[in-house]
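**Student:** The residues making up each chain are set out below.
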Amino acid sequence: MSTMTAAPRTSRIQPSRPRRIRPARIALHAFLIAAVALWLFPLLWAILASLRPVSETLFNGYLSWPKSLSLDNYTTVWTQADLPYFYLNTLVIVVPGVILTLLLASMVAFCCTQFSWKFNLVILMLFTAGNLLPPQVIIVPLYWIYLHTPIVSLGSIDIGRFSFALFSDNGLLYDQYLGIILIHVVFQTGFATFVLSNYMKTITKEITESALVDGANVLRIWWSVILPLCRPALAAMATLLFTFMYNDFFWALILLQTGDKRPITSALNNLQGEFFVNYNLVAAGSLLAAIPPIIIFIALQKHFVAGLTLGSTKG
Amino acid sequence: MASPATSAVPARASKAPEAGALVATRRRRRYSLLTRPDRLLIILMVGIPLALDLAFVWGPTVASILLSFTDWSGIGQVTAQNIVGVKNYKTLFTGYAFFWPAVEHNLIWLAFLAFIATPIGMLLAVLLDRELSGKRFYQSVFFLPVVLPLVVVGFIWELQYAPSDGFINNAFGLVKSGKIIDWLGNPNLNIYAALVATSWRHIGYIMVLYLAGLKSVDPSLREAAKVDGATEVQTFFNVVLPVMAPINVIIVVVTAIEALRAFDLAFIFNHGTNGLELLSTLITNNSISEASLIGFGSAIAVILLVISLGPIVLFLSRAMRAQA
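Taken in sequence, the protein lines are chains A and B.
Residue 294 in my numbering sits at position 294 of the first sequence, with consecutive numbering throughout.
All you need for my numbering is the position in the second sequence, starting with 1, plus 1000.
If we strip away everything but chain A, and leave its shape as in the complex, we get (with noise of 0.2 Å):
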């Protein structure tokens, strides 16, 4: 927590100046209300159609006072378009995800920053930049990889309809959540390691010296001396990652053939035109896959925001 809290308690310390109304305060606080009024607009509209009866918009159109409200079009696409299974799709590529990118990029944001060899930077040069890349840059060979990479197949763990193919149930990693999960480790790890190694770089090299002299191997001083000195940052990344993740589109559109292994995202955007008949149906899906990164921003919206800023402020 230290970094990250210590710079707006700092600022609320100082003494609070005896308020005078200005006009200027005035206009300033209407300026953003309404802006806040135009940034709300597009979701509450969102929110009012989800809320109205398709019978009801049919025949007075969408611009007209609300007779009654219901939940009925969430019921709708929560059983008939079968939600909960997109979310568990989502959940086992975002979960294993988030977790391997962390190992990863701080193993080598620790490498390269807490011992002094002659490529480490050139390393997170590479690891930077790779991040940066628009993803279309690569998803030609990239899709050609995953078509003739062989990957064993250990069977599957089924839960009910649902099932986790261990390792790939077509010998490939084209079509599974196996190749997903791989390429968002991959490619964020570029971006995790960026941030982590900035952050660790504050710790001083002395204290894993200190660990080395007292017989800590350097898988070790990574695991319990390093990692738990970067919780605040771990915690951040770990925000941000699972929303990236989560908000991840083109990886799971192109790499992804079959409809049963969607995440929610492009899962929604499958829905549109056979499912999504009508716009109060569409409204009530896009809130539905909304929730868990509002839950998230909500709940974490201190580690967002830091996650965000460690990236860019303090290279």
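Worth flagging that the hints you see were computed from the coordinates, not collected in a lab.
Keep in mind it's a predicted model, so treat the numbers as computed, not measured.
A portion of the hints provided could be inaccurate.
[What the hints assert, rightly or not] Just so you have them, the derived chain A footprint on chain B, three or more residues with Cβ under 8 Å:
id	region
1	1087-1099
2	1102-1116
3	1196-1209
[As the list claims (entries may be wrong)] Listed next, the in silico DSS-like pairs over lysine-lysine satisfying Cα-Cα at most 25 Å (straight line):
id	chain 1	residue 1	chain 2	residue 2
4	B	K1135	A	K67
5	A	K118	A	K67
6	B	K1215	B	K1226
7	A	K201	B	K1135
8	A	K118	A	K205
9	B	K1135	A	K302
10	B	K1087	B	K1215
11	A	K67	A	K201
12	B	K1215	B	K1135
13	B	K1215	A	K302
Beta carbons: idealized from backbone N, C-alpha and C, even for Gly.
Let chain A serve as the given structure and place chain B on it in line with the hints.
**Tutor:** Same frame as chain A, now just chain B:
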């Protein structure tokens, strides 16, 4: 900034004399401290992630460049007969109807973000960078769209743009008067409709980055400017903005990269066709489709790569200067 280190040091305070000795001989001792298994561990800890990064990011990047000189269809081996030199690039520049429009759309995307959305985000940050009641609320609202998946952003805006059911056409009476504007269907308008939706998200992102930068500006600088009688606007342009040079570079880079990466909204609205062609959508539409024009799509990917290298190099030169 250094608090994670300082907070841990007291726990090891008992080692103080030893640590002092270490500092003196640091340069030589560091290497001798590492045993052979330790070195092997370091090689593995860096090597495994690096191998993955090379195999799945940099390998494909190089492969894209090589494939752009072939007419490979993706089936079987690439043979000498597949090598066609710069033919794909010639076709792109002269014979392919969608290339220049896509370049234009990417440039419009960049210009819109750079000259409209990013400045608005910066303005909001500057307005919110003061003691203000309700500041957290304002901040949260502007930031909210940033956490939403682009699919959701796209659908939410479709509710605004829909021809006869959308809010905009109804609110302006265009439905009643029969002058419906097809915001997403009209090839001259849909890019701006997509840009408004993108900006809804981009502005909050820039605001947060810029706010963090503003917070790091030494308050005494502003105090001094105030004492000297500078107005708030003068202080911002003459004192704060120059001090913020590093964060300004980040903002430029983020904006450029976002513009080059744009894909999701164009794909969600109409698969990146009919006015929403972007370099990114041309790549997938040519190569990962029935057409399977691997070489041709790769040439577009190389163009996108070359353009992207500008902001990437700018970012790295800044970031690594700080790192070293």
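**Student:** Hint by hint, work out which the structure violates, then give me just those numbers in ascending order.
**Tutor:** Violated hints: 1, 2, 4, 5, 7, 10 and 11; rest satisfied.
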